[in-house]
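Following the hints, put chain B in place on chain A, whose structure we already have.
There are 2 protein chains.
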Amino acid sequence: MKRTTYCGLVTDQYLDQEVVLKGWVQKRRNLGNLIFVDLRDREGIVQLVFNPEVDADVHKLAESLRSEFVVEVIGKVKARKTDNPNLKTGAIEVEVNALKILNKAKTAPFDIDDNITASDELRLKYRYLDLRRPEMQKALMIRNRITQTVHAYLDKHHFIDIETPYLTRSTPEGARDYLVPSRVYPGHFYALPQSPQLFKQLLMGAGFDRYYQIARCFRDEDLRGDRQPEFTQIDIETSFMDADEIREMTEGLLKDVMKETLGVELTTPIPEITWNEAMNRFGSDKPDIRFGMELQDMSQAVTGAGFKVFDMALENGGQVKAITVTGGADKYSRKQIEAKQDYIKRFGAKGLAWVKVTEEGLNGPIAKFFNQEASAKVVEAAKAQVGDLILFVADSRKVVADSLGYLRVDIAKELDLIDQDQFAFIWVVDWPLFEYSEEFDRYIAAHHPFTMPNEEDVALLETDPHKAHAQSYDIVLNGYELGGGSIRIHQRDVQEKMFKALGFSQEDAEAQFGWFMDALDSGFPPHGGLALGLDRFAMLLAKKDNIREVIAFPKNSHASEPLTNAPSLVAPKQLEELALEVELPKEE
Amino acid sequence: MKRTTYCGLVTDQYLDQEVVLKGWVQKRRNLGNLIFVDLRDREGIVQLVFNPEVDADVHKLAESLRSEFVVEVIGKVKARKTDNPNLKTGAIEVEVNALKILNKAKTAPFDIDDNITASDELRLKYRYLDLRRPEMQKALMIRNRITQTVHAYLDKHHFIDIETPYLTRSTPEGARDYLVPSRVYPGHFYALPQSPQLFKQLLMGAGFDRYYQIARCFRDEDLRGDRQPEFTQIDIETSFMDADEIREMTEGLLKDVMKETLGVELTTPIPEITWNEAMNRFGSDKPDIRFGMELQDMSQAVTGAGFKVFDMALENGGQVKAITVTGGADKYSRKQIEAKQDYIKRFGAKGLAWVKVTEEGLNGPIAKFFNQEASAKVVEAAKAQVGDLILFVADSRKVVADSLGYLRVDIAKELDLIDQDQFAFIWVVDWPLFEYSEEFDRYIAAHHPFTMPNEEDVALLETDPHKAHAQSYDIVLNGYELGGGSIRIHQRDVQEKMFKALGFSQEDAEAQFGWFMDALDSGFPPHGGLALGLDRFAMLLAKKDNIREVIAFPKNSHASEPLTNAPSLVAPKQLEELALEVELPKEE
Numbered sequence: 072m073k074r075t076t077y078c079g080l081v082t083d084q085y086l087d088q089e090v091v092l093k094g095w096v097q098k099r100r101n102l103g104n105l106i107f108v109d110l111r112d113r114e115g116i117v118q119l120v121f122n123p124e125v126d127a128d129v130h131k132l133a134e135s136l137r138s139e140f141v142v143e144v145i146g147k148v149k150a151r152k153t154d155n156p157n158l159k160t161g162a163i164e165v166e167v168n169a170l171k172i173l174n175k176a177k178t179a180p181f182d183i184d185d186n187i188t189a190s191d192e193l194r195l196k197y198r199y200l201d202l203r204r205p206e207m208q209k210a211l212m213i214r215n216r217i218t219q220t221v222h223a224y225l226d227k228h229h230f231i232d233i234e235t236p237y238l239t240r241s242t243p244e245g246a247r248d249y250l251v252p253s254r255v256y257p258g259h260f261y262a263l264p265q266s267p268q269l270f271k272q273l274l275m276g277a278g279f280d281r282y283y284q285i286a287r288c289f290r291d292e293d294l295r296g297d298r299q300p301e302f303t304q305i306d307i308e309t310s311f312m313d314a315d316e317i318r319e320m321t322e323g324l325l326k327d328v329m330k331e332t333l334g335v336e337l338t339t340p341i342p343e344i345t346w347n348e349a350m351n352r353f354g355s356d357k358p359d360i361r362f363g364m365e366l367q368d369m370s371q372a373v374t375g376a377g378f379k380v381f382d383m384a385l386e387n388g389g390q391v392k393a394i395t396v397t398g399g400a401d402k403y404s405r406k407q408i409e410a411k412q413d414y415i416k417r418f419g420a421k422g423l424a425w426v427k428v429t430e431e432g433l434n435g436p437i438a439k440f441f442n443q444e445a446s447a448k449v450v451e452a453a454k455a456q457v458g459d460l461i462l463f464v465a466d467s468r469k470v471v472a473d474s475l476g477y478l479r480v481d482i483a484k485e486l487d488l489i490d491q492d493q494f495a496f497i498w499v500v501d502w503p504l505f506e507y508s509e510e511f512d513r514y515i516a517a518h519h520p521f522t523m524p525n526e527e528d529v530a531l532l533e534t535d536p537h538k539a540h541a542q543s544y545d546i547v548l549n550g551y552e553l554g555g556g557s558i559r560i561h562q563r564d565v566q567e568k569m570f571k572a573l574g575f576s577q578e579d580a581e582a583q584f585g586w587f588m589d590a591l592d593s594g595f596p597p598h599g600g601l602a603l604g605l606d607r608f609a610m611l612l613a614k615k616d617n618i619r620e621v622i623a624f625p626k627n628s629h630a631s632e633p634l635t636n637a638p639s640l641v642a643p644k645q646l647e648e649l650a651l652e653v654e655l656p657k658e659e
Numbered sequence: 072m073k074r075t076t077y078c079g080l081v082t083d084q085y086l087d088q089e090v091v092l093k094g095w096v097q098k099r100r101n102l103g104n105l106i107f108v109d110l111r112d113r114e115g116i117v118q119l120v121f122n123p124e125v126d127a128d129v130h131k132l133a134e135s136l137r138s139e140f141v142v143e144v145i146g147k148v149k150a151r152k153t154d155n156p157n158l159k160t161g162a163i164e165v166e167v168n169a170l171k172i173l174n175k176a177k178t179a180p181f182d183i184d185d186n187i188t189a190s191d192e193l194r195l196k197y198r199y200l201d202l203r204r205p206e207m208q209k210a211l212m213i214r215n216r217i218t219q220t221v222h223a224y225l226d227k228h229h230f231i232d233i234e235t236p237y238l239t240r241s242t243p244e245g246a247r248d249y250l251v252p253s254r255v256y257p258g259h260f261y262a263l264p265q266s267p268q269l270f271k272q273l274l275m276g277a278g279f280d281r282y283y284q285i286a287r288c289f290r291d292e293d294l295r296g297d298r299q300p301e302f303t304q305i306d307i308e309t310s311f312m313d314a315d316e317i318r319e320m321t322e323g324l325l326k327d328v329m330k331e332t333l334g335v336e337l338t339t340p341i342p343e344i345t346w347n348e349a350m351n352r353f354g355s356d357k358p359d360i361r362f363g364m365e366l367q368d369m370s371q372a373v374t375g376a377g378f379k380v381f382d383m384a385l386e387n388g389g390q391v392k393a394i395t396v397t398g399g400a401d402k403y404s405r406k407q408i409e410a411k412q413d414y415i416k417r418f419g420a421k422g423l424a425w426v427k428v429t430e431e432g433l434n435g436p437i438a439k440f441f442n443q444e445a446s447a448k449v450v451e452a453a454k455a456q457v458g459d460l461i462l463f464v465a466d467s468r469k470v471v472a473d474s475l476g477y478l479r480v481d482i483a484k485e486l487d488l489i490d491q492d493q494f495a496f497i498w499v500v501d502w503p504l505f506e507y508s509e510e511f512d513r514y515i516a517a518h519h520p521f522t523m524p525n526e527e528d529v530a531l532l533e534t535d536p537h538k539a540h541a542q543s544y545d546i547v548l549n550g551y552e553l554g555g556g557s558i559r560i561h562q563r564d565v566q567e568k569m570f571k572a573l574g575f576s577q578e579d580a581e582a583q584f585g586w587f588m589d590a591l592d593s594g595f596p597p598h599g600g601l602a603l604g605l606d607r608f609a610m611l612l613a614k615k616d617n618i619r620e621v622i623a624f625p626k627n628s629h630a631s632e633p634l635t636n637a638p639s640l641v642a643p644k645q646l647e648e649l650a651l652e653v654e655l656p657k658e659e
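Sequence lines, in order, name chains A and B. First residue of the first sequence? That's 72 in this note's numbering, and the numbers climb one at a time after it. First residue of the second sequence? That's 72 in this note's numbering, and the numbers climb one at a time after it.
Pulled out of the complex, with its shape left as it was, chain A reads as follows (with noise of 0.2 Å):
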């Protein structure tokens, strides 16, 4: 029989009528001599009734009903006595006259429920019943609904949706490459694309104009909540349009992805920072503008003031910046405060001075540092009244920006200082063209080696490159980088002299990107684009707080996937064919 609807669509529109419906048992309880059950799919539980006097063989086989078995049910919607307002099928119930189990299943080992206290590694290995459970179906189908929306759009602004290749070349910088052999070139290797950046930048020089791609991009980086080996973005490029123009048509995408996914309407233009006044302000390359207590420039209100620590950044070049926390005078402890100070210590600095201001002034243990004078420049400078406590940190402008800027989100998490229900978008442009690297050593590419310099530090690539600004920008949503991109480079001379500033000698580029090279000597258009990480786009439009959440078949955190077993040995003859013998590292 052909299903009438979803169980979680019969509503009072089908009073009356006969419904076929098909699903899986949620829970079964026997009242008197009726049995209820009710049945679930996708769209929702809907209630069943069995009743004797209708049925009395149907009745018979519902008794044999378990949680998670599947079926198929005839019967006719009646209104229920006591309506459940919980349901949105809470009006009716469906009183069976026929029933037809489908499958049978065995106790699952957790229950299909929200409040779910499994553990991550056990839900894993069960994905096929955590999917099950309706706020992973609700999270998928927030994803589904972002990805028909980003088709929708692009289409009809006329992007062209091209595949790139996912066995391609390893090149060496970025990431660490997933490597697949060569079996028809032994001692080759393949590399899983970090990204489609080149492909996509060819497909400009091919003369494509407006492409786009929801591609899979892969890293073998050591995991965290929102990194996976394999992730997915919204890849875009597109030629002749300036940063400007990309960023309005991003906007309109964005709009209508929060129209579409969740009736929000999204207020354009997002707004602009530079990448600097977003480090001076917040403390960070990706703002979370939906609270305040941004950092404060605290090097005057303190100068004099005679606390060694803070004079020595100061002479050492470095900053002494604060943050306010509204009424946190009562509300931290100096423990408390304490356990901040061991917090702020990952991002390098070390120490975080306060001060509470009270009706008698500041208190706390640099308080004597400063007479009333000076005490009224500190709570003038630090926006701060009467109640509020004031956090300190002296260092490098690194090191402020960091402690300050993750304590900043630490404590507004805390006091519950963040509207959850805002989606707050924030643009962040003119970042430096390069960063430097403690791991490497050296200036590398704060976004990739592809970035067009402003056009006035274009000179500046071969005298100062660590002070040549990009034509970037990031887009932020609720303090994550949601994505970013740039204005590419186009021309040859520009793109050998940021190989050049970026440490290549003209041999390696020449290895490595010659034949990319070549490809700019052809009548490469001026281009620039985006990329949108779609899991963490979907986590956050779900209110998640990982992606492995808005995935349905993740990676742990050790890289492997607990229902296949994947990674797993393979056969010699395997290996043979790929000319590849494994050398264990010996124990030691």
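Mixed in with the good hints, there may be bad ones.
[Claimed, not checked] Calculated cross-link-like contacts (lysine-lysine; reagent style DSSO-like; alpha-carbon spacing at most 30 Å):
no., chain 1, residue 1, chain 2, residue 2
1, A, LYS330, B, LYS227
2, A, LYS571, B, LYS177
3, A, LYS568, B, LYS171
4, B, LYS538, A, LYS175
5, B, LYS568, A, LYS73
6, B, LYS406, A, LYS209
7, A, LYS568, B, LYS326
8, A, LYS73, B, LYS448
9, A, LYS175, B, LYS571
10, B, LYS406, B, LYS448
11, A, LYS175, A, LYS147
Hints are computed from structural coordinates only; laboratory data are not their basis.
Leaving out everything else, chain B in the frame of chain A:
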């Protein structure tokens, strides 16, 4: 300046207006003191004219334009003196008053033109140039229109786009896997998926009800014209639908695609043929039904004629069948027919017997075996007329089908019998569940091991599995297998029988697929689906004969990528991190 419109879209609606255009110089020619430039973008070509009387400097700069330079121009749209009816923009030209050269170009290794003579390898090495050619642009736009239509149709029908992993587990059934070494678990490997088969079934187990994905798939096989190491399928799965419903839903999809891509009205329902009938009538499980020349059973007509080859084939349980080439008597010489004999040897045929039908009776090497009465029977059975050529093969059923099936298509192409504007879809249903594999010397799954047998054939799994037929269906377009699908096994006991019939020991089945059979125990709904080959679909709609022509960056026949030179050698450190050593086979 913002572009007014694409070059190829400047029609007379812009007459006397000023436009801003950006594009590539297709060619420049001087005519008197005027310079004409064909400016090209993805939508087509527009004629620019530079008149020194309009602006002498601009005219001078235009002198320097070479093919493939990228330019921005401002100009006035004027009517042409003589229309070019071959161009969409042929009624107008743009009188340029401002010109900016956005990028220069070196001389390309081949002309950007549809009449290309460059080798495939050169085209791939300079793919960004090859893709500039209008026919390549059009091919990829057709592909894009297919995917856009698929997204829109399936979204409208409540399918959810869900991504499944690309880093997954290697399984021994099927083609050779591409492997990806794990860094976290040395000696362990992921595999790139040959299809999302098991994951999409798990999504049905998880209750998503309707899934789809435009999924990349990977097979490390030797390449042919319509094979690539990575290919794309439109992957669909549904719960609670039977095969008829799935076919009907698919037909709606195909109807929309044909309409949106080519404006073709596809008549539905699409005809259905059983696998058995397809083999009998067309000698193929992917029959091209755009022409006749069906296989005729000659067994009765030739019995008793005394031609030993025929008699022996029949005695050995084989067949004698023929195809009749209408008017073929004059079109094929003895020598040409002998060449066909060589052609069918690759299918195992030992010979090709033939007669021509003349006014005087049969003619040809075996005519002597047939007296007047027998000749009449032959002509009738072959549905031949005077002037026709009858081609016989006598052998096992498989050899007869393959030889005559391929010969039928070969001759139809040669004689131009195929209407190239026709798109002939047909469903091939009721496939055998197993087919004999010469390679493995055992029965293997005709589709895959998760295909549901016909209800009445489940019992055969334990007695005569090779007699069982499947609830499966292929969709064939113009003689190509466009896709296929089936109802899947949703019960553990049937799945266990299936593995047993395939020769798995219980231990092996458990080791490889235990996790999946456990899932079947958790309340799996009846489900089924299908997959369409996107590359092949795009190839057929773009009227190309190789899927490389509808893939932006395909691999060559050695699975390598001449543009980037993938696969490549990698750094020793990369192998070390993966605990791998390359052991090249020794030269002999």
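Hints, one by one, checked against the model:
Distance restraint check for A:LYS330 and B:LYS227: the Cα-Cα separation of roughly 18 Å lies within the 30 Å cut-off, and the hinted pair is therefore satisfied. Between A:LYS571 and B:LYS177 the CA atoms are separated by roughly 23 Å; this keeps the pair inside 30 Å, and the hint holds. For the given pair, A:LYS568 sits about 24 Å from B:LYS171 by alpha-carbon distance, which is consistent with the 30 Å threshold. For the given pair, B:LYS538 sits about 29 Å from A:LYS175 by alpha-carbon distance, which is consistent with the 30 Å threshold.
As the CA atoms of B:LYS568 and A:LYS73 are separated by approximately 29 Å, the hinted pair is consistent with the 30 Å bound. Taking the CA atoms of B:LYS406 and A:LYS209, the gap is near 69 Å; set against the 30 Å cutoff, the hint is violated. A C-alpha spacing of about 53 Å is found between A:LYS568 and B:LYS326, which places the hinted pair above 30 Å, so the restraint is violated. For the suggested pair A:LYS73 and B:LYS448, the alpha carbons sit about 51 Å apart, so the restraint of at most 30 Å is broken.
Restraint check: the Cα-Cα separation between A:LYS175 and B:LYS571 comes to about 22 Å, which is no more than 30 Å; the hinted pair holds. Taking the CA atoms of B:LYS406 and B:LYS448, the gap is about 27 Å. The hint holds against a cut of 30 Å. A threshold of 30 Å between alpha carbons decides the hint, and for A:LYS175 with A:LYS147 the separation of about 24 Å falls inside it, so the pair holds.
Against the hints set out earlier in the document, violations occur for numbers 6, 7, 8.
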